[in-house]
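Given the coordinates of chain W, work out where chain A should sit on it, guided by the hints.
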Amino acid sequence: DGGITQSPKYLFRKEGQNVTLSCEQNLNHDAMYWYRQDPGQGLRLIYYSQIVNDFQKGDIAEGYSVSREKKESFPLTVTSAQKNPTAFYLCASNPQQGDYGYTFGSGTRLTVV
Amino acid sequence: AQRVTQPEKLLSVFKGAPVELKCNYSYSGSPELFWYVQYSRQRLQLLLRHISRESIKGFTADLNKGETSFHLKKPFAQEEDSAMYYCAPPSLGGGYNKLIFGAGTRLAVHP
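As you go down the protein sequences, you meet chains W and A in turn.
Per the numbering used here, the very first residue in the first sequence carries number 1; after that it's consecutive.
Per the numbering used here, the very first residue in the second sequence carries number 1001; after that it's consecutive.
Mixed in with the good hints there might be a few duds.
Pairwise CB distance ranges, derived in the manner of DEER restraints [claimed, not checked]:
no., chain 1, residue 1, chain 2, residue 2, range
1, A, Glu1020, W, Val52, 36 to 46 Å
2, W, Ser73, A, Glu1079, 14 to 24 Å
3, W, Asp59, A, Glu1079, 33 to 43 Å
4, W, Asn18, A, Ser1052, 37 to 47 Å
5, A, Ser1052, W, Ile60, 29 to 39 Å
6, W, Ile60, A, Thr1005, 11 to 21 Å
7, W, Asn18, A, Glu1080, 34 to 44 Å
8, A, Gly1058, W, Gln56, 15 to 25 Å
9, W, Pro95, A, Glu1054, 15 to 25 Å
10, A, Glu1079, W, Lys57, 36 to 46 Å
11, W, Asp54, A, Phe1014, 41 to 51 Å
Far from chain W, some chain A residues (derived; all Cβ distances over 10 Å) [stated by the list, open to error]:
no., residue
12, Gln1006
13, Gly1016
14, Ala1017
15, Lys1022
16, Ser1040
17, Ile1056
18, Glu1080
19, Ser1091
20, Gly1102
Hints in this document: simulated from the structure, not taken from any laboratory.
Please read these numbers as outputs of a predicted model, since none were measured by experiment.
Heads up, the beta-carbon is just placed ideally off N, CA and C, and yes, glycines get one too.
Excised from the complex, chain W in its bound form (with noise of 0.2 Å):
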């Protein structure tokens, strides 16, 4: 069953922390997206890539880092730098550059205690 996995589901952070947050695909897509979704403020981009070993800063990419290791996987890290984590986070991945359907994953909520 093809698609994006996004684990965890809900992910606990202490002040000062830093958390990586996974999101793997077996779609065979070339671009990956991480989002950052807050109550009425839609979807911001934080880091997206196109291909491996290559990722470029969205909109909001202060206090996050991300890598492009396999084609596969795009994990994000909320480093401590990031002011306001808590949040819920949506990787995506589409198939080639000119193509913009996105195939989303569940998400991953992170709160920080």
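For chain A alone, coordinates are given in the frame of chain W:
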């Protein structure tokens, strides 16, 4: 900066009534626009794209370049249409196919 505006946070209608979810974007001439939908307890998914000019689940969306709008319409709403709807034009520049998303409109269809 590019912006996409969905002016209504909540749209509440009765079953069988017409529905129009508004979307305005801040730049003109976009070659492609999308509507995504998120039903309760489901993933965000593509509903329809402008370039295909198709009707999905009875919904259509017309691009009005003069008004920079891409409103989503359905003549007769059904209860199963209740969901969160996001308008998504592409983000210009950078050579990547990234989308920007509006804040979303929650559609509630009552029996």
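Notebook entry, point to check: In ascending order, which of the hints set out earlier in this document are inconsistent with the structure?
Noted result: 2, 8, 12, 19 and 20
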